Amino acid sequence: MDEFLQKMTERDYKEGFVTEVEQEYVPKGLDENIIRTISAIKGEPGWLLDFRLDAFRKWLTMKEPHWGHLNLPPIDYQDIIYYAAPRKDSDRPKEIDPALMETFDKLGIPLNEREMLAGVAVDAVFDSVSVTTTFRKTLAEKGIIFCSFSEAVREHPDLVRRYLASVVPVGDNFFAALNSAVFSDGSFCYIPKGVKCPMELSSYFRINAAGTGQFERTLIIADEGSQLSYMEGCTAPMRDENQLHAAVVEIIVEKDADVRYSTVQNWYPGDAQGRGGILNLVTKRGICRGEGAHLSWTQVETGSAITWKYPSTILKGDNSSSEFYSVALTNNRQMADTGTKMIHIGRNTRSRIVSKGISAGHSENSYRGLVMVNPGAVGARNRSQCDSLLIGSDCGAHTFPVIRNSCPSSTVEHEATTSKISEDQLFYCRQRGISEEDAVALIVGGYAREVLSRLPMEFAVEARKLLSVSLEGAVG
Amino acid sequence: MDLMGDHKLDNNYLLEINSLHAGIEGKEILKGVDLRIGKGEVHAVMGPNGAGKSTLGAVITGRRDYGVTGGELRFCGKNLLAMAPEERSWAGIFLSFQYPIEIPGVSITNFMKAAVNAKRKAAGLPDLKPGEFLKLLKEKMALVGMDSAFAKREVNVGFSGGEKKRNEIFQMAMLEPVLGILDETDSGLDVDALKTVADGVNALRSPERSFIIITHYQKLLEYIRPDFVHVLKEGRIVRNGGPELAEAIWQDGFEGIN
Amino acid sequence: MDNCTMDNELQTDNELQMNRVFLIGRDEIPRKVRLDSGDTLSWTLVFLPCAGADVKVDLDVNLCGPGSSLDLAGIYICPTDEKLSLNIKVKHSAEDCSSSQLFKGLAGGCSRAVFDGLILVEHGAQRTKAVQESHSILLSERAVAEVHPQLEIYADDVECSHGATTGFLNEEEEFYMRSRGIPEAEAKRLQTISFLAPVLARLPENLRNEIISKC
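Protein chains in written order, with my numbering: chain G, 1 to 476; chain P, 477 to 734; chain D, 735 to 949.
Same shape as in the complex, but just chain G (with noise of 0.2 angstroms):
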């Protein structure tokens, strides 16, 4: 196998093309005056500038953090542009700019009316602003909000107000606080008492711009006994810099509400040598607050030149429950550090980790995770279960989970493993008459199934497809 390991060729990334539209952007750089600047564009009440401009005194306090195991290359602050948004046609201001249209076609989701997926509304972000979300009316009839963050801003203030930064407060940590202070847009959502949300809620957020950084903001809000399957998506061009992108997500799952958040994670790599990529720095987190509240996590990480994401659940109510399933794919020099947090505080909740690591070419791969039990959280359980799968000897995968036990009443159990795609099972699917680069495919969807079968039908092909395309050169 080895000499076939070394046939080492680029990744084909089929979304790393530029879209060529005229943009507008602020100046270069970060100081309080830039985020008036971002408050004043987009029209913003003086409660949401106060808070940004609380966040950004908050981060100038703050160190960068570094204890993943990754090499966080040095970031200048001061080089990036917050702000870039395609400009609009003074003439026009409703309409979308067809080059964006053509883009988001590309990236296989359609705007128009015509070829919208069926059964899928999706709120599209390009740079720093939302460009349309669809099925608004459809959604609407139920009375479900989905929109982008800032026409939640200008049309829901209440609801913002009351629940933004209520998960993940600003000082959370440096990129949650850069976050709070710069972000641009995002997508916002409500679903109301009762409501089973008719169809999947999705964002596509699409960095495009250079030199920029994309920093969205997400709010979900799941009220008594709603329900709501919500997909995230992301690409970005091919560049050889890297981009910055830090994210918030905030859920609020209320009593008896169930959430499905679904993140295909597939931001430019950075090619085989490790040049360019996105830093993708992201703070995401849910709370369940309400008795039988169910939040559940899937991912599928296979992008970014670093990762550095635990999308996390605190659950609060008694009965309730949250699973964290993923597959973090590293190739070529690639550095994921990705986990979950599961803080148990309420009675008889219940929590499932499945983490599944693939590790390829120079990459490293790391499983951080935190199980925390409160005194109070009498009967509680959790299980976690993290496999990492090598391929090729000079790549790395770690496990690194804590456990924090104090309530005697919990059961934790935790378990890790490590394996490769061995020679045999290679040779068997070979005599079968299956390549081996086909064969690899096969052998890694069928390590990540677990996890994948819990995604939207339409989103799990999809993502099957990209571990194959993300392993090409890597084995195949």
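Hints in this document: simulated from the structure, not taken from any laboratory.
Heads up, a few of these hints could be off.
[Said to hold, decoys possible] Distance condition first, Cα-Cα at most 20 angstroms in a straight line; then the derived EDC-like pairs of lysine to aspartate or glutamate:
#, chain 1, residue 1, chain 2, residue 2
1, G, LYS465, P, ASP603
2, G, LYS420, P, ASP603
3, G, LYS28, G, ASP76
[Said to hold, decoys possible] Not everything, but these chain G residues come out facing chain P in the computed CB check (under 7 angstroms):
#, residue
4, PRO65
5, HIS69
6, PHE427
None of the values given here were measured: they were computed from a predicted structure.
All residues carry an ideal CB built from backbone N, CA and C; glycine is no exception.
Let chain G serve as the given structure and place chains P and D on it in line with the hints.
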């Protein structure tokens, strides 16, 4: 039939092995094997443990860790040694593994779909339509007496010894090879399992399909009658004969055969 | 033995002993151990109650020689207010080495038991087999068990795993015993002994009996 004849190239033979030397990790195991398999023939290769029987199967199918140090291997006149394992498979060689491999998370259906369509692609044919494929799958499962519930099971994961072997025969039925090699397919099977496996193989016998049955015991040969029996000892074929040779071995063991 | 920290110097090879039992707080435990080609080491660490104790044990085992193997086990019982911090690092630097670790413990009162265990498999340490298991049982509302089982792996042909559980005694087991007429306290005692059994079996009889008498 000329079993040990002169080394002329004869395209009438399906498989021709000439003076084959092969081994693993520098240790020679096959020390000059000659064997000719004609169309539709069933050959049994018998021999004591360590004689090189499984090595023969591994070399014909192209396992990377087995090195060929001399001799020739021709299949339908083509040089097998220049072909990748999957190319040998597409050409119609099938090996029923002595120890079938587990592939967690991959269903038998998906595994076979990948295999069947890869073979079709190599032949310039389009993929089978899902409906056609499922029909074929069901038909072949019925042929080897496999419960259709297995279609969704992960390849060999949690299978009993008998289930694994039956799965091998099922895959052979799906891929319709011209040469089936059964490597110790009888090992670890009870009489009932042995019978069903043999029934599966017999159902696949045809004038267009040849078999090499590698076995330690004569038992399987009671159910699958071979046309020829070869005794492999210490890396060489030391005796050739008909079915009666298997019986002689059953009586007297391998000791007396040289 | 309040606030005592083991801090010994590197132990040379010939001091390595087979099947050795260390009583934490009494015996000096080497801080660093090196295993050369073909060495096998089998150690059991025992931490027994000693109210008010605050003990930290750092053990660093490096499997540097091909084919060396480590078999490490530990048992701790913290019934009142003890603090125990076990910090075990097992580094595989050579090929064909194996290591196994098994830790079992009880934490009651307001004690705090922290197990920090790292298995590090270096580049080139092919065919490593490394297993680590740590299981603890909490006996009171105020006790804390913290486990950090870590794997850091830089070779692909390896079989590594860790398993960790923290929790309480199985209620069904207890019910089963009580339904056979065994009083609750005795049932719990039997369960505790059965939980500790795999490590108890490695101890000399007198020590084993001492632990059993404390259950």
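Of all the hints numbered above, which does this structure not satisfy? Sort the numbers upward.
Failing hints, ascending: 2, 4 and 5.
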